[in-house]
Amino acid sequence: MRSRLLFALLVLTAATRVAAASTTLTGTVRDNKGAFVSDAVVSLIPLDQPAPPPAEPPGEIAQQTQEFLPYVTVVQAGTKVVFPNRDTVQHHVYSLSKAKKFELPLYNPGQKESLVFESTGLVTLGCNIHDWMIAYLLVVPTPYFAKTDEQGRATVTAPAGRYRVEVWHPRVSAALTQEIALTAGEASARDFGLTLKPDRRIRRGGATKTGGYR
Amino acid sequence: MASPLLRFRRFSTRLLVIVLSLLAAALLSTYLLVTRANQTNAIAHIESRLAGDVKVFWASIDFRKRFFVEGAKVVSRDWPIRTLYLQPQLDLKTLRTTMESYAARLNAPVFATFDVDGAMLATTNDSLTNDSCGPFRHLIQKADENGWEQNSDFGYLAEKLHVLIVVPLYAPEPNIIGWFGIAFPIDDRFARDLKETTQTEVTFTSGLTEDTKRVLATTLSPGLAQQVADQAPAELKPDGQVMVTNMGSDRYVTLYAPLELLAEDPARITLQRSLETELAPARRLEQTMLFILLAALITASLIALAVARGVSQPLQQLAGHTELVAAGDYTRRIALPREDEIGQLATAFNHMTAGLAERDRVRDLLGKVVSPEIATQLLQSDLKLGGEEREVTILFSDLRDFTGMSERLAPTEVLTLLNRYLDRMSTIIEKHGGVIDKYIGDAIMALFGAPVALPDAAARALAAARDMADSLQDMNRELEAEGKPALAFGIGINTARVVAGNMGSQTRLNYTVIGDGVNLASRLETMTKDPAHRTNIIISEATARAVGEEGKLRSLGAVTVKGKTEAVKVFAVDIQPRPWPTRPQARPPTNPPYGA
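The listed protein sequences correspond, in order, to chains Y and A. This note's numbering numbers the first residue of the first sequence as 1 and each following residue consecutively. This note's numbering numbers the first residue of the second sequence as 215 and each following residue consecutively.
The following block holds chain Y by itself, in its conformation from the complex:
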């Protein structure tokens, strides 16, 4: 929670520093059934000028109660991400994604590891010990992004200009992209509809009690 607040502050300061005439885009993401979608990432990739370099504060994906926290993380390419073990057991974080293949071999509670993610793309994180642990790290080429809340809302602040909006969620097969022009001093609002695949995350608790028999 604290990290998310910190992150939002960072984004805000970055935005104010780059362009004084910044504006906001509030995207509302719904699925094909009309329900609000949380944990969707709305990112604005500038089309007219290069994106500013990443800000200092690193991202964080913690391991706690044998889960990754948060489930979805967005960082600008070149950002360092910290992986602290705040759990009572060891973890072995890995990713086999093209954007970054790595592993952080077994490390103990209280330790923390960190990595810099240079390539854009999706990094799917897992733990070699706990099959059900999964986290998504979306590495984007822009500092203008936000994650939807429980109401499916994400507000991105960016200088006026043309952007490619990318809306992504762990359960879409491909990100939704649109072009958008933001005007100074004029807040924009957009609705995005995503087609979500079923949630196939492993339910914790292991096998059924019957031992496989129906």
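Don't read these hints as lab results, they were simulated from the structure. What you are looking at is a predicted structure, and each value in this text was computed from that prediction instead of being measured. Glycine residues also receive a C-beta, built at the ideal position from the N, C-alpha and C atoms. One or more of the hints may lead you astray.
Among chain A residues calculated to face chain Y with C-beta under 7 Å, some are [to be verified]:
{"no.": "1", "residue": "R291"}
{"no.": "2", "residue": "W293"}
{"no.": "3", "residue": "Y299"}
{"no.": "4", "residue": "L300"}
{"no.": "5", "residue": "A385"}
{"no.": "6", "residue": "P386"}
{"no.": "7", "residue": "P388"}
{"no.": "8", "residue": "N389"}
{"no.": "9", "residue": "I391"}
The list that follows gives simulated cross-link-like pairs (lysine-lysine, BS3-like), each with its CA atoms no further than 25 Å apart [said to hold, decoys possible]:
{"no.": "10", "chain 1": "Y", "residue 1": "K101", "chain 2": "Y", "residue 2": "K80"}
{"no.": "11", "chain 1": "Y", "residue 1": "K80", "chain 2": "Y", "residue 2": "K98"}
{"no.": "12", "chain 1": "A", "residue 1": "K356", "chain 2": "Y", "residue 2": "K197"}
{"no.": "13", "chain 1": "Y", "residue 1": "K98", "chain 2": "Y", "residue 2": "K197"}
{"no.": "14", "chain 1": "A", "residue 1": "K287", "chain 2": "Y", "residue 2": "K197"}
{"no.": "15", "chain 1": "A", "residue 1": "K427", "chain 2": "A", "residue 2": "K374"}
{"no.": "16", "chain 1": "A", "residue 1": "K374", "chain 2": "A", "residue 2": "K269"}
{"no.": "17", "chain 1": "A", "residue 1": "K269", "chain 2": "A", "residue 2": "K409"}
{"no.": "18", "chain 1": "A", "residue 1": "K409", "chain 2": "A", "residue 2": "K374"}
{"no.": "19", "chain 1": "Y", "residue 1": "K101", "chain 2": "Y", "residue 2": "K112"}
{"no.": "20", "chain 1": "Y", "residue 1": "K101", "chain 2": "A", "residue 2": "K307"}
{"no.": "21", "chain 1": "Y", "residue 1": "K100", "chain 2": "A", "residue 2": "K307"}
{"no.": "22", "chain 1": "Y", "residue 1": "K98", "chain 2": "A", "residue 2": "K307"}
{"no.": "23", "chain 1": "A", "residue 1": "K287", "chain 2": "Y", "residue 2": "K101"}
{"no.": "24", "chain 1": "Y", "residue 1": "K100", "chain 2": "Y", "residue 2": "K112"}
{"no.": "25", "chain 1": "Y", "residue 1": "K100", "chain 2": "Y", "residue 2": "K80"}
{"no.": "26", "chain 1": "A", "residue 1": "K698", "chain 2": "A", "residue 2": "K743"}
{"no.": "27", "chain 1": "Y", "residue 1": "K98", "chain 2": "A", "residue 2": "K287"}
{"no.": "28", "chain 1": "A", "residue 1": "K427", "chain 2": "A", "residue 2": "K451"}
{"no.": "29", "chain 1": "A", "residue 1": "K582", "chain 2": "A", "residue 2": "K645"}
{"no.": "30", "chain 1": "A", "residue 1": "K766", "chain 2": "A", "residue 2": "K743"}
Fit chain A to the known structure of chain Y by using the hints.
For chain A alone, coordinates are given in the frame of chain Y:
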């Protein structure tokens, strides 16, 4: 009564044939019905068992699939494979050896790895190429589209039927970085395995057209298996089709069930159970039944024979007795102590025999009382009064001075002597075809030509008279030897038309002849008493003419019969004295034997 087929000489044969054919028909139809019911039941039973066997097959496939799916899931989360995938460039050689490890762990016949798009990366089977992995790719595509955690189906790998399974390689779940493909063959060993569980012959065949029908796996010999493939029906319902097939020397109840294949014509699983094996207990029962039926048949035959014999033996006995009765033996009686109809028949037969004996006795008596010819005439005609006119030669004989002699002898002696004389004379008369009409004391009245007409009646009468005279000479010699007085007689013969028939009252009849001719015969006999005629036998002109000896005989002139005006010529018949017989060397007669 019966058709020619059932006509037998012997009652017992007929009874036996009828009883046996009826019983055999009943037993045989029972036997056939039971046999048929057994077979129908056996087929129905096998059908239901085959339906169960198919379920066993599917359960076995499911079990194996689940085993491989779970195993693949376990190895797909293996650290080493993730480590391999961590490397910037996937080392396919190492990946292959990893597959070999996994295949060994799971005892999987075929193990392969595919990338997310279904391209094959490594496999434990060199025969498997990226091109021949189409079925796997098909399964991967389908699973990916539908988000399935696994997919499996029947398919051909290197032309051999396999069960194919694909399981995603997660890093982590549900993030798919590749696929594992596992396959196990449906081969002879699988078929044998299934047979061990189900005791069913198992054959897998492919194709529907003549040139593609081939045996994929079987527990049968290759020849029989091909026969199964060829006999497979082209169209099959999803739950299959059952038929009875002849294979080799055995009959099988065969279930054909389809196996849907990936993008191919469906294959077939054929499950067969031997009908004969299923029927074996029933066959034993049928055999026992057959023995019982035969025993029943034999017992029935014996009983039928006994019954038939119980009927036919007394009947044969009766037949034999009847023959005896026909031959005139009325003395036999049948002893059949039975209460039934045959017993009644025997009793009736005995009564009949007794009746016949009685009748015969009466007839015998009649023959003694009247002459046999008259008796026959009496028995043949329905006794009634009345007669017919016919030509008859009447012979009258009478003993001379018998009254005087009887006064000198005791009455019994008289009767004995008379009987001896009459018996002798009667025998001669009958020998010549004459009929004793009656005895009148010592006199005999005999007829020739009645009741049975004789063409030479007169000659017979004359011959009889001569023999009687001869016989009397012999008898006199005997009497003389016994010291008894000799006898003399006179005979009169006449031939005339008289009335012959039954005379008397309604209740008592006499066969005789009446008429003037009778009187004349009597009169001629009386004439012999006249010594002037010097003869014992006098015949009338009519008789002499009939004999044709008119000229040879000594004429005695004519006599007038009482009450008649016309005189009748009469002739004397002279008899030569007979020489003494040589055997009984008796004394020469003291008295002249002839005449008095």
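Interface restraint verdict for W293/A against chain Y (beta-carbon cut-off 7 Å): Holds - the Cβ of W293/A comes within 7 Å of chain Y, reaching about 5 Å at its closest.
Against chain Y, run the beta carbon of P388/A and see if the smallest gap drops under 7 Å. holds (3 Å)
Check whether the Cα positions of K427/A and K451/A lie no farther apart than 25 Å. Given pair K427/A, K451/A holds - Cα atoms ~18 Å apart, limit 25 Å.
Holds or violated: are the alpha carbons of K698/A and K743/A at most 25 Å from each other? OK: K698/A and K743/A at ~22 Å, within 25 Å.
Given the proposed pairing of K101/Y with K112/Y, does the C-alpha separation stay at or below 25 Å? holds (18 Å)
K269/A and K409/A were given as a pair; does the straight-line alpha-carbon distance stay at or below 25 Å? Status holds; Cα separation ~13 Å.
Is the interface hint satisfied for I391/A? The criterion is a beta-carbon contact with chain Y at less than 7 Å. Nearest chain Y Cβ about 5 Å off; hint holds.
For the pair we were handed, K100/Y and K80/Y, check the Cα-Cα distance against 25 Å. Measuring from Cα to Cα gives roughly 13 Å; hence the hint holds.
Holds or violated: K98/Y to K307/A, with C-alpha atoms at most 25 Å apart: Holds: K98/Y and K307/A sit about 21 Å apart, inside 25 Å.
Has the given pair, K287/A with K101/Y, been kept, meaning a C-alpha gap of at most 25 Å? holds (22 Å)
Holds or violated: K98/Y and K197/Y, Cα atoms, limit 25 Å. Judged against 25 Å, a Cα distance of about 22 Å means the pair holds.
Is the straight-line distance between the alpha-carbon of K409/A and that of K374/A 25 Å or less? With a Cα-Cα distance of about 20 Å, the restraint between K409/A and K374/A holds, given a limit of 25 Å.
Taken one by one, the earlier hints all hold for this structure without exception.
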